[in-house]
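Participant: Residues per chain are reported as follows:
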Amino acid sequence: MKPLLTLILLILFLAAHPQNIGGTTGMFNTPTAHMQPDGTLMLGAHYLHKSIGSYPYGGYGPYDAMAYFATVSFLPFVEGQFRYTFMHAMRQHPQVDYFGDRMMSLRLQLINGNNKAWPSVVLGFEDFVSMAAFIIDASSPSYFASNYVVSSKKIRMGNVFADLSAGYGFNLSHALMGRSPARIQHDGLFGGMELSHRRFPGSGLMLEYDSRRFHAAMRLLLFKHLQLLAGFNADGDFSGGVTYKIQM
Amino acid sequence: MRWMLLILFALLSQLLLSQQGSNALQRMEEHGFENLQLVEEREGYRLIAFENRRYRYDATAINKLLSDSLLPADTLVLVMKYRNLPVTSFSIINNRLTDIRFDEHDAQRFKDSRLSNPSFRRLDLPLGIDYAYQLGNFDRWFLLALHATAGLEITLADGLGLQTAMAFPLFNNHDSNTYVRLHHLILTHDIRLPNHVWMSASAGLFGRNRAGFDLQWIKLLNQGTWAYGMQLGYTHYNELTGRAKFRQLENIPSFLYTFDIAWRWERYDLVAAISAGQFLYQDKGLTFNLSRYWGERQIGLQLAWTDEGKNGGFFVRWPFLYSDHGKPSGLRPRPMRSIPLDYRYVGNDQTARNYYTGETLIRRLREYDPSILRKKIR
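For the record, the sequence lines run as chains W and S. For the first sequence, the numbering used here begins at 1 and goes up steadily by one. For the second sequence, the numbering used here begins at 249 and goes up steadily by one.
These aren't lab readings, by the way, just hints derived from the structure by calculation. A portion of the hints provided could be inaccurate.
[What the hints assert, rightly or not] Calculated lysine to any residue pairs in the SDA-like style (CA-CA distance at most 25 angstroms, straight line):
| no. | chain 1 | residue 1 | chain 2 | residue 2 |
| --- | --- | --- | --- | --- |
| 1 | W | 116 | S | 516 |
| 2 | S | 623 | W | 247 |
| 3 | W | 245 | S | 515 |
| 4 | S | 624 | W | 40 |
| 5 | W | 245 | S | 305 |
| 6 | S | 623 | W | 39 |
| 7 | W | 224 | S | 567 |
| 8 | S | 624 | W | 76 |
| 9 | W | 245 | S | 542 |
| 10 | S | 558 | W | 128 |
| 11 | W | 245 | S | 563 |
| 12 | W | 224 | S | 569 |
| 13 | S | 623 | W | 77 |
| 14 | S | 624 | W | 41 |
| 15 | W | 245 | S | 585 |
| 16 | W | 224 | S | 568 |
| 17 | S | 623 | W | 114 |
| 18 | S | 558 | S | 501 |
| 19 | W | 224 | S | 543 |
| 20 | S | 624 | W | 248 |
| 21 | W | 245 | S | 570 |
| 22 | S | 558 | W | 177 |
| 23 | W | 245 | S | 516 |
| 24 | W | 224 | S | 545 |
| 25 | S | 623 | W | 80 |
| 26 | S | 558 | W | 176 |
| 27 | W | 224 | S | 564 |
| 28 | S | 558 | W | 133 |
| 29 | W | 224 | S | 623 |
| 30 | W | 116 | W | 159 |
| 31 | S | 624 | W | 75 |
| 32 | S | 624 | W | 77 |
| 33 | W | 245 | S | 568 |
| 34 | S | 558 | W | 136 |
| 35 | W | 245 | S | 383 |
| 36 | S | 623 | W | 76 |
| 37 | S | 624 | W | 38 |
| 38 | S | 558 | W | 135 |
What you are looking at is a predicted structure, and each value in this text was computed from that prediction instead of being measured.
Construct the entire structure; sequences and hints are all you get.
Facilitator: The structure is reproduced here in structure tokens:
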């Protein structure tokens, strides 16, 4: 039993450039400036606690949610995502008993710091269609919109890697039109650190601040393709899920 | 005496040479390749043309030829065909690929060479699925019409093919088309013209229940880095069972014309394309497509602006099931080649729509693109 426990703990101390709870490349609920290898397709299903995926729909929420997503490294420096998110256990309504929310996200790597002295830098637009619609028409709903710039650097210390990230989420709508949507996913400073072991790429332990809350999380990469992600906020609320990676 | 020996040596060399060429063709035929031709043979050089219908993707066929030593070990040019029309040529020296190009040989040379193991009048039965779907809205979060499809495809002559398919409903909460029906019935003639110009002329019942004719024309420049062309079509609504329900707008004749231009970023096999003109529902405007190719896999983005409205989305072409379809025969069942997935932000709109004209060389031309093939050949 003890060797098995040791093995499990060892495996949990690992990491590479996996994706976050929203399905794009990142830590737990924060993006990083790393990119997946060119042509990586990630299909996943993540459970989002309402502290992460807040849906204040119809004045009743917030609700927990399930996010189903496909994320692709379209070019080595461009990542795109399509996500369909459902409210969980939502109060029944005469017209609405199951709410599905579509969103698209885009990440552009401006600076690639891999194997170089300087850090990587990424500009991200999450749920950019909703944000654009909200900028044009204030009545358009937007729950997961986020615009950010983030910088990341991976540092090696023997067999252990420390992956450090820091970024800033800005309110594009407020900057352009002076109004804000119901919620901005990353609003202000965010950052975190992930520890991983050289022999176990794709798995790791994370501690982060997502501009609202602290999270502690871990991920495990099995059979080079299957990622399990689990994390808790400071109140002990759980979010997590499964992702399958395909290399094209 | 010396002259006689020289003549005898030359004759023996020629005999041995032609034996090697014939052996290569025989090995390729045994492997299931068709429309084989030994177009040219001289010492240390052979020009062989063939068609691959055994493997779903042509790069797999080339890899097989190279790895299984099916080819003679000298300088060789392999020309890959589609419906017996030469499309792409591969230069190979000692079983190593040295160059790929869209074929530039004089078409007459292929017409003058003897054809062995022709693919004509052999029936393929592609089996697959077809679907329509809608995400949301609200309480109807996922609507799906799923059909199994069974088709027939046959090559009748050079470039001339007939294809048809029936659709069998499996599940449907999306629309009222819940009965067995004809999916498409299309006669297509692909034509190779000089200077990398291709034409496809089609007539019949196309996808989206449009009956009529369609003409496409494309010119490739700089080995496919640039391409320009046009499409002309005249169709009207036709649903043979007479049971389909359709919007009023569907029931009018449609004259479609588009002018197209495309550019390929060779490093990433990224193709940016613009089409402008009048689309299926008589809306005028343009579309912008950005497609990334990873061999036979394709993911792309599409934006459309016409006087019918604006829309955007993405599309995916994903290989379906196994890559080895087995040797072609008189009657060969096989899976359909790929599963398409198209997503539009506004689902059931009529912006910049087109009909499905079946498999044409122009539709599949990027599969023969030297840049895209090269990255998948070991």
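Participant: Each hint needs a verdict: does it hold in this structure or not?
Facilitator: Results for each hint:
{"no.": "1", "hint": "W:116 <-> S:516", "verdict": "holds, 23 angstroms"}
{"no.": "2", "hint": "S:623 <-> W:247", "verdict": "holds, 14 angstroms"}
{"no.": "3", "hint": "W:245 <-> S:515", "verdict": "holds, 24 angstroms"}
{"no.": "4", "hint": "S:624 <-> W:40", "verdict": "holds, 16 angstroms"}
{"no.": "5", "hint": "W:245 <-> S:305", "verdict": "holds, 23 angstroms"}
{"no.": "6", "hint": "S:623 <-> W:39", "verdict": "holds, 13 angstroms"}
{"no.": "7", "hint": "W:224 <-> S:567", "verdict": "holds, 22 angstroms"}
{"no.": "8", "hint": "S:624 <-> W:76", "verdict": "holds, 18 angstroms"}
{"no.": "9", "hint": "W:245 <-> S:542", "verdict": "holds, 16 angstroms"}
{"no.": "10", "hint": "S:558 <-> W:128", "verdict": "holds, 16 angstroms"}
{"no.": "11", "hint": "W:245 <-> S:563", "verdict": "holds, 19 angstroms"}
{"no.": "12", "hint": "W:224 <-> S:569", "verdict": "holds, 22 angstroms"}
{"no.": "13", "hint": "S:623 <-> W:77", "verdict": "holds, 19 angstroms"}
{"no.": "14", "hint": "S:624 <-> W:41", "verdict": "holds, 18 angstroms"}
{"no.": "15", "hint": "W:245 <-> S:585", "verdict": "holds, 23 angstroms"}
{"no.": "16", "hint": "W:224 <-> S:568", "verdict": "holds, 23 angstroms"}
{"no.": "17", "hint": "S:623 <-> W:114", "verdict": "holds, 24 angstroms"}
{"no.": "18", "hint": "S:558 <-> S:501", "verdict": "holds, 23 angstroms"}
{"no.": "19", "hint": "W:224 <-> S:543", "verdict": "holds, 22 angstroms"}
{"no.": "20", "hint": "S:624 <-> W:248", "verdict": "holds, 11 angstroms"}
{"no.": "21", "hint": "W:245 <-> S:570", "verdict": "holds, 20 angstroms"}
{"no.": "22", "hint": "S:558 <-> W:177", "verdict": "holds, 23 angstroms"}
{"no.": "23", "hint": "W:245 <-> S:516", "verdict": "holds, 20 angstroms"}
{"no.": "24", "hint": "W:224 <-> S:545", "verdict": "holds, 21 angstroms"}
{"no.": "25", "hint": "S:623 <-> W:80", "verdict": "holds, 23 angstroms"}
{"no.": "26", "hint": "S:558 <-> W:176", "verdict": "holds, 23 angstroms"}
{"no.": "27", "hint": "W:224 <-> S:564", "verdict": "holds, 24 angstroms"}
{"no.": "28", "hint": "S:558 <-> W:133", "verdict": "holds, 13 angstroms"}
{"no.": "29", "hint": "W:224 <-> S:623", "verdict": "holds, 23 angstroms"}
{"no.": "30", "hint": "W:116 <-> W:159", "verdict": "holds, 19 angstroms"}
{"no.": "31", "hint": "S:624 <-> W:75", "verdict": "holds, 17 angstroms"}
{"no.": "32", "hint": "S:624 <-> W:77", "verdict": "holds, 21 angstroms"}
{"no.": "33", "hint": "W:245 <-> S:568", "verdict": "holds, 18 angstroms"}
{"no.": "34", "hint": "S:558 <-> W:136", "verdict": "holds, 15 angstroms"}
{"no.": "35", "hint": "W:245 <-> S:383", "verdict": "holds, 24 angstroms"}
{"no.": "36", "hint": "S:623 <-> W:76", "verdict": "holds, 16 angstroms"}
{"no.": "37", "hint": "S:624 <-> W:38", "verdict": "holds, 15 angstroms"}
{"no.": "38", "hint": "S:558 <-> W:135", "verdict": "holds, 17 angstroms"}
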